[in-house]
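The residues making up each chain are set out below.
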Amino acid sequence: MQEKDKRTAGCWRRSVCSREPWTKARNQAGASSDHRPGEAGGFFVKSEELPGRRAYLKPLKQENGKHRAAREKIAADLAHDLGVCVPPVLLTSRTDAGTNEETHVAVSLVLYPQQWSWNQLRAQLRAGSDEKVAQLAEAALPQAAAEALAFDTWLGQWDHGDHPHNIVFGYDPGQPEDVHSFVFLDFAFSMGLDGRWNQGKFTDVERAPFPALMLDSLAPEALEKTVEAIEALPEVAIRESVERIPDTHISGADRLLIADALCSRQQQLRGPLGSLLP
Amino acid sequence: MELKYAEAVIRYCPNLTDPDAYSLPVATLVIAETATGYHGATAGWPSSEIAGINPMSASMLSDLPDLLKRHTREAFESSQSDVNLDYVLIELQHGLRNSLHVEEMELTRTVDIGNTDDPGEWLLNRVVNLLHEKTQAETRPDIPPLRGRRPRRAPEIRVTPGRTFWNQEPLVAATG
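Chains A and B supply the protein sequences, listed in that same order. Residues in the first sequence are numbered from 1 upward in steps of one, following this note's numbering. Residues in the second sequence are numbered from 1 upward in steps of one, following this note's numbering.
Quick caveat, the hints were computed from the structure, so don't treat them as lab data. This structure is a prediction, so every number in the text was calculated from the model and none was measured. Worth double-checking, as some hints may not be accurate.
To be verified - A few chain A residues that don't get close to chain B, going by computed Cβ distances all over 10 Å: (1) 62; (2) 119; (3) 192.
Said to hold, decoys possible - Label-pair distances were calculated between CB atoms; the ranges are: (4) 63/B - 24/A: 28 to 38 Å; (5) 244/A - 129/B: 22 to 32 Å; (6) 138/A - 79/B: 27 to 37 Å.
As the list claims (entries may be wrong) - Taking lysine-lysine and the DSBU-like style, the derived pairs with C-alpha atoms no more than 30 Å apart in a straight line are: (7) 24/A - 134/B; (8) 132/A - 4/B; (9) 24/A - 61/A; (10) 201/A - 132/A; (11) 4/B - 69/B; (12) 225/A - 201/A.
Cβ atoms here follow ideal geometry from the backbone N, Cα and C, with glycine treated the same way.
Excised from the complex, chain A in its bound form (with noise of 0.2 Å):
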């Protein structure tokens, strides 16, 4: 990512909630349609938060009990922690919201002005596609893939199977040396939302879904260093992250339980993941 986007990440990792309200951009290009099911909708925004750019407004749905709003925070400051690649969040609350439209919301930053869905770059990759895109995206990803991988079965993250866009690859072709990376999105899903993680299921960890191209292409001593770098953070970090979440976007006992669960599951990854390890 880019040196300012850098800069704004650090700053929105240190924050919780937005200073600024967010209003519906006129770029509304890829935002997500609610007509499958599973899908909470959102749509894209801008604010004087951060001018000139775009972030993506989620859920739009009310569905109580979720918080998934709430997860897509913490995810997304404990990916920072550890160097993962997941957009910077914020937390927001709409005024404008309609009926059955949640009102306490997360905004995730668009990262990249040019980005390929999963689906589209894994054709490219499997055929051996000369492309420059297909050329970046293959060198970055076998460290992209463990770095991912760990952290997604560490937040029990069960949406980045084989899923058309939750994983994308950026670039931005402004930039001399085409910065870029792939970028892992939407955790609405991950931190046992649904009850997963209820009655001590916590415990139960196993190596989260993950797309067999990048599974194949996974570098070990990558896969080490972030379950090593998971092992380390002080649970004092992990529970700040999740305890500063306000009441209006999460409930005190998911709060407690994710906390707790973050805190058991950081010593539990060498199993799942053991024999893809060096």
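Based on these hints, arrange chain B on the given structure of chain A.
Structure of chain B alone, referenced to chain A:
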């Protein structure tokens, strides 16, 4: 021949980070159901004709009709035996949500295409005409240039878009 069809316009956004960037229509898709089965047709501009495009994106969009055919076939296949044209379009929209994205969908309608057994010609004309229509509609003088990029322009009308037609396999017999 009576034909049920649904169609979509596929656009390219030159800068996803910009809240005011425009997306240009670069391709069209029509999928159809007849008494003999399911069919698809796509048309797309050569990537060299797309305003504001950079060389790397041009290479990613180098064969739009084939790229969309592949994505659409995947969407058809995901619906298995219970094919619904609207579902196929929604799946396609879900799968293309970044620099290349589906922005306009017209859900299923019915048309009588006359005394023919071959929907191919009608479908190919439809996708090409739709692409021209959408492209011309976007080149209004009141639209400002893209930030830091060349002014918007439509591909020259003399340029022929690439196009392709296929019968969706396996053919699923329509029940009428």
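Evaluated hints:
| no. | hint | in the structure |
| --- | --- | --- |
| 1 | 62 | holds, 21 Å |
| 2 | 119 | violated, 5 Å |
| 3 | 192 | holds, 25 Å |
| 4 | 63/B - 24/A: 28 to 38 Å | holds, 34 Å |
| 5 | 244/A - 129/B: 22 to 32 Å | violated, 56 Å |
| 6 | 138/A - 79/B: 27 to 37 Å | holds, 31 Å |
| 7 | 24/A - 134/B | holds, 24 Å |
| 8 | 132/A - 4/B | violated, 40 Å |
| 9 | 24/A - 61/A | holds, 16 Å |
| 10 | 201/A - 132/A | violated, 44 Å |
| 11 | 4/B - 69/B | holds, 19 Å |
| 12 | 225/A - 201/A | holds, 26 Å |
In terms of the numbered hints stated before, the structure departs from hints 2, 5, 8 and 10, listed from lowest to highest.
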